[in-house]
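Given next are the chains, with one letter for each unit.
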Amino acid sequence: MARSHAGLAWGGGLIVLALVAPFLFYPVFLMNALCLALFACAFNLLLGYTGLLSFGHAAFFGTAAYITAHTVKVWGLPPELGILTGVAVAAAMGAVFGWLAIRRQGIYFAMITLALAQMVAFIALEAPFTGGEDGIQAVPRGHLFGVIDLGNTLTMYYFVLAMFLVGFAIIARTIDSPFGQVIKAIGENEPRAISLGYRAERYKLLAFILSAALAGLAGSLKALVFQFAALTDVDWTMSGEVVLMTLLGGLGTILGPVAGAFIIATMETYLAETGSWVTIIEGVIFVICVLTFRRGIVGVLAPYLGGRPEAQRLPEVSPAE
Amino acid sequence: MLSWLHIAVPPAPLFFAQLLVGLINGAFYAMLSLGLAIIFGLLNIINFTHGAQYMLGAFGAWFLLTFLGIGYWPALIIAPIGVGIVGLVIERLFLRRIRGLDHLYGLLLTFGLALVIEGVFRQKYGSSGLPYTIPSALQGARNLGFMFLPIYRAWVIVASLAVCLATWFVIERTRLGANLRAATENPALVQAFGIDVPRLVTLTYGAGAALAAFAGVLAAPIYQVSPLMGSNIIIVVFAVVVIGGMGSILGAIVSGFALGLIEGLTKVFYPEASSTVIFVIMALVLLVKPAGLFGRAA
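Protein sequences appear in the order of chains A and B. Just add 5 to the spot in the first sequence (first one is 1) and you have my numbering. Just add 28 to the spot in the second sequence (first one is 1) and you have my numbering.
Treat the hints loosely; a few may be bogus.
[As the list claims (entries may be wrong)] Quick list of in silico lysine to any residue cross-link-like pairs, SDA-like style, CA-CA up to 25 Å:
no. : chain 1 : residue 1 : chain 2 : residue 2
1   : A       : K78       : A       : A143
2   : B       : K317      : A       : G111
3   : B       : K152      : A       : S281
4   : A       : K78       : A       : L166
5   : B       : K152      : A       : D240
6   : B       : K317      : A       : L105
7   : B       : K152      : A       : I285
8   : B       : K317      : A       : A143
9   : A       : K189      : B       : G128
10  : A       : K189      : A       : L170
11  : B       : K152      : B       : I250
12  : B       : K317      : A       : E206
13  : B       : K317      : B       : L293
14  : A       : K78       : A       : K189
15  : B       : K152      : A       : T274
16  : B       : K152      : B       : Q252
17  : B       : K152      : A       : G280
18  : A       : K189      : A       : G202
Think of the hints as simulated: they come from the structure by calculation, not from any bench. Computed from a predicted model, the values in this text were never measured in an experiment.
Input sequences plus hints: build the corresponding full structure.
Now the structure itself:
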């Protein structure tokens, strides 16, 4: 499917903006936002396109962060192998969790993923290598492929941007592929997709693994950016946050999660010192989004920006389970 | 006898003490999953605010004692009524407006409300717990020969069992409960028979919230009263609900108590696994019987 010219123009403009952004804004903030954006895009592949609400995506994000931090710091792996290990573990965990969770649908799917993620959080608190409440600190960023020094903030920024674009391209390509058409069909009407001969469970599991792996990529990158992995990365509040970013930006829109992630990251940066106000405001945004703003920012703006009319929502009336 | 298994056999008092702790936790799991099941039955919503409502119950008791000098026994009635009224308002203002949307929106909406409520309390009272003393009539312990039984803990088990059985009775054996069950099966038909289903829905949500608050008041003297007490327990209760299935009231009660006991036993024999055992059981149940032990096939 060819992208529209308007879409190309917007994409090009955003990439140029991303290239000059570190000279205009604080680079660590931008890297954090890019990691969250990749995390949200990976999540959106499940909720926005396949219709699966995983309420435990922090498990993949946080576990990959811990694995990368541990392999780079303790085993002395170079950053690219550390990230690869983190992504591989997240994908394997996604295979197991997905295999368990797709046995149930709808709300149960959400509760199962949430519970499994909470189990991971307990393990992260008690396992010997995660450092308990302290997490894994002072993780070296190392040299990419042995030559490129990631200790330099600007170099690190372009590395994170490149990895984000790779992840984003994988997601965009997946959505436009025949596989993407099938998972969208499953998201819209699973019984019909099954009756057409598609083995919905396999497609759902594959989408889940892909989403978990990319969420892991985001977590691994974040561990290198901040040079630590901690319990907040696996906590259920992180799982809630990724839902919020996606919902606010626009479910089932390709750029929505990115917009949502940047807004939430900005808010958290500015309100970091106000204690629980971040939580309260996030809760209010949740309520407003669900009650009156279910299309999200990009979903509402897309028609005016000349993008494809692709905004898709959860079905307004769910088929009986 | 078991020494060849390398499992240390604990002394009997410790064993029974942990069993009691498990039973207490089970009492709270049972009450909370019961409330979730009732709300889910009629509203088709997983009430994420349930943990916050449990926390509100505990804080309600603390407010009543600290600011008004009202003690435990009146609080056991007043706090659930107060939280129940808050529940009625939440249903009217928010949940009613998303009837007919995908169930997932209900989960997201109640999650948002839980964040707001917990955030407000954390902003005001921090994350550390506030103490609530055991009422004088229930202080002390009784020596049962094989263990010391703190009277308050015995009371929690008796009270929760009584509330669970009363709820079961109302739903399964009264006219109101019959209407409720009918409205769960086919709301349109029940409405046609002249029963005000929207009001029934509102009242059900209020009753579920009140049940959570009652559990919160019971919990106040045992656990500390803290803004985070609800979210800590609610995710475990979700796992309990997945294990038991939400099809049956009795199933919710039985699986709540049973899982609390199993958690207590794990604490005796293999303490490292005690915080994760319920999730592992959930995974096993999903493999063997995906609809849950007491659930009807989806």
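Cross-check of the supplied hints:
{"no.": "1", "hint": "A:K78 - A:A143", "in the structure": "holds (8 Å)"}
{"no.": "2", "hint": "B:K317 - A:G111", "in the structure": "holds (17 Å)"}
{"no.": "3", "hint": "B:K152 - A:S281", "in the structure": "holds (9 Å)"}
{"no.": "4", "hint": "A:K78 - A:L166", "in the structure": "holds (23 Å)"}
{"no.": "5", "hint": "B:K152 - A:D240", "in the structure": "holds (22 Å)"}
{"no.": "6", "hint": "B:K317 - A:L105", "in the structure": "holds (11 Å)"}
{"no.": "7", "hint": "B:K152 - A:I285", "in the structure": "holds (12 Å)"}
{"no.": "8", "hint": "B:K317 - A:A143", "in the structure": "violated (45 Å)"}
{"no.": "9", "hint": "A:K189 - B:G128", "in the structure": "holds (22 Å)"}
{"no.": "10", "hint": "A:K189 - A:L170", "in the structure": "holds (23 Å)"}
{"no.": "11", "hint": "B:K152 - B:I250", "in the structure": "holds (22 Å)"}
{"no.": "12", "hint": "B:K317 - A:E206", "in the structure": "holds (17 Å)"}
{"no.": "13", "hint": "B:K317 - B:L293", "in the structure": "holds (23 Å)"}
{"no.": "14", "hint": "A:K78 - A:K189", "in the structure": "violated (41 Å)"}
{"no.": "15", "hint": "B:K152 - A:T274", "in the structure": "holds (21 Å)"}
{"no.": "16", "hint": "B:K152 - B:Q252", "in the structure": "holds (16 Å)"}
{"no.": "17", "hint": "B:K152 - A:G280", "in the structure": "holds (10 Å)"}
{"no.": "18", "hint": "A:K189 - A:G202", "in the structure": "holds (15 Å)"}
Hint check: violations occur at hints 8, 14; the rest are consistent with the structure.
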